[in-house]
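**Q** Based on the hints, put chain B in the right spot on chain Z.
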Amino acid sequence: MRTILLFLILASVNGLVTNALAEDLFVGRVLSVDRERGKLSVTLIEGGDNLDNRENAAKKINVTIPAERLPRYLLPGSVVRIWGGLIRETGAMNATHLHALGHGVYGKDPTGVRRRIGKSRGQYGGRGGGKGRGRN
Amino acid sequence: MVVRFLSAMGAAAFFCLTLMVPRSEALDLLAELTAGYDSNPALSDPSDGSGFSIYGLGAGDVFILSEDMILDLSVEGRYQDYWSVGDNYRVQAGTALSYVLAEGRFIPSLIGEVAAYRDALIEADERNEAMVGISADWIVSSRLTLAFEQTFRWLGYLNWAKPFSGKGQGRQVDKGGKGGKNFSSAARSEGQWAMPPRDQDPRKGNSQLNNLYPPRNNRLMLSGVDLDVFIVPSLTGRVYAAFGDLNSSLDMESFREIQTGAALSWVPAAQWRVGIEGVWYRTQYYSVPQNITCVRQTNVTWSSGLQVSRFWGDFELFGQVGWKSGDAPLDYESYTQTVIQCGLSYSF
Numbered sequence: 001m002r003t004i005l006l007f008l009i010l011a012s013v014n015g016l017v018t019n020a021l022a023e024d025l026f027v028g029r030v031l032s033v034d035r036e037r038g039k040l041s042v043t044l045i046e047g048g049d050n051l052d053n054r055e056n057a058a059k060k061i062n063v064t065i066p067a068e069r070l071p072r073y074l075l076p077g078s079v080v081r082i083w084g085g086l087i088r089e090t091g092a093m094n095a096t097h098l099h100a101l102g103h104g105v106y107g108k109d110p111t112g113v114r115r116r117i118g119k120s121r122g123q124y125g126g127r128g129g130g131k132g133r134g135r136n
Numbered sequence: 001m002v003v004r005f006l007s008a009m010g011a012a013a014f015f016c017l018t019l020m021v022p023r024s025e026a027l028d029l030l031a032e033l034t035a036g037y038d039s040n041p042a043l044s045d046p047s048d049g050s051g052f053s054i055y056g057l058g059a060g061d062v063f064i065l066s067e068d069m070i071l072d073l074s075v076e077g078r079y080q081d082y083w084s085v086g087d088n089y090r091v092q093a094g095t096a097l098s099y100v101l102a103e104g105r106f107i108p109s110l111i112g113e114v115a116a117y118r119d120a121l122i123e124a125d126e127r128n129e130a131m132v133g134i135s136a137d138w139i140v141s142s143r144l145t146l147a148f149e150q151t152f153r154w155l156g157y158l159n160w161a162k163p164f165s166g167k168g169q170g171r172q173v174d175k176g177g178k179g180g181k182n183f184s185s186a187a188r189s190e191g192q193w194a195m196p197p198r199d200q201d202p203r204k205g206n207s208q209l210n211n212l213y214p215p216r217n218n219r220l221m222l223s224g225v226d227l228d229v230f231i232v233p234s235l236t237g238r239v240y241a242a243f244g245d246l247n248s249s250l251d252m253e254s255f256r257e258i259q260t261g262a263a264l265s266w267v268p269a270a271q272w273r274v275g276i277e278g279v280w281y282r283t284q285y286y287s288v289p290q291n292i293t294c295v296r297q298t299n300v301t302w303s304s305g306l307q308v309s310r311f312w313g314d315f316e317l318f319g320q321v322g323w324k325s326g327d328a329p330l331d332y333e334s335y336t337q338t339v340i341q342c343g344l345s346y347s348f
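Protein chains in written order, with the working numbering: chain Z, 1 to 136; chain B, 1 to 348.
Just chain Z, with the same shape it has in the complex (with noise of 0.2 angstroms):
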């Protein structure tokens, strides 16, 4: 029993360590969102150092997911994380997650854990203000 549950934490943390090192982290600001379509036009700012000279110097991406997978709150001058493998060639890149920041899931509360709690501090209001909402 402990020798099949061994086997598949193990397999679940291969699983998990293949797939991450087939994509590549990015940080950068939307130019703009086609939410419909799942693209994006974004210029890094942080990450793709697997980039030429030539695309470093314009930075701009345009990014293909999965239009489900977008968070609601997306609008030209967010600054997002992805994470997806870029093409080279032609300055494209298949997104698998974006992460918007500062309007995840209630800011400060990325699971939601502590808002349904909602006693996670009781005697006062907790952190964060106004940090808008929406899925991550």
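There are no misleading hints in this set.
Footprint (simulated), chain Z over chain B, 3 or more residues, beta carbon under 8 angstroms:
1. 59 to 70
2. 104 to 110
3. 138 to 146
4. 232 to 242
Calculated directly from the structure, the hints in this document are not laboratory data.
Glycine is no exception: its CB is placed at the ideal position from the N, C-alpha and C atoms.
**A** Below, chain B without anything else, positioned relative to chain Z:
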């Protein structure tokens, strides 16, 4: 007074949300319905559990004031209907004015919030709140974001109450820890009038704890730091720490508190999300008079929660279990609480 307060807050929120400035695509609305069981709504020992329903509504919008300046507004209401004890609700409105610096690597914000909390179970906790503060998000690297926050919160309580009558402070609900809105001035004059502890006869000692005191007027300074870690595509972590200093109009209730916690958010498959969070905090009541011997000055509390969510478009179905165990200062009490709940959330 309550109606006036809520009306003013609603009017202010409506005015703000309809300002004629460029907006995001649409107003973001949230409706949420939850049912569950709370083993200890009053955070006391012994405890009386109760089933509950929660009805939540929220609205938020983002206004782009300029290329680098963003105004974020939100209003939110949450009503918790306990089936066998008193209900509570909280209404709040918040705002954040953010300015993007260093191409997006550094984002300072001015933040603010007003709120009203009402509680039919622990009337001593009923209050209005106002908060202002600053915060900043700094993208240290592609994997790390460091966030700072400094806030000043005013808490104006509504009811007369004995010391340490708030939730989780050790006073039993049925022992009359509340003064209530209807507590009359005549009653106050009948020997229960509360003088500041330092003006009382020190030989009275613990009897000070049985006096009713005027509604508190408290000020809380809170400093916090968060570190977000983007570990792998499906796994994000957060560790945080905070220091709070509450200056209460009733000296003996003033405290300093340190808080630390960690959270993980895991997306095991498309449309699924698992969240887990643990928090520890240590509260020290530093102004308890020496002649009061039945108040524990240093108190430690733990809480943790696990949540599983499944999404269908704009709907989220979630289940959650939460656990909390803490020291209550009065009479060296302690308590535990378990909350199990599930619900449906709709964003539109």
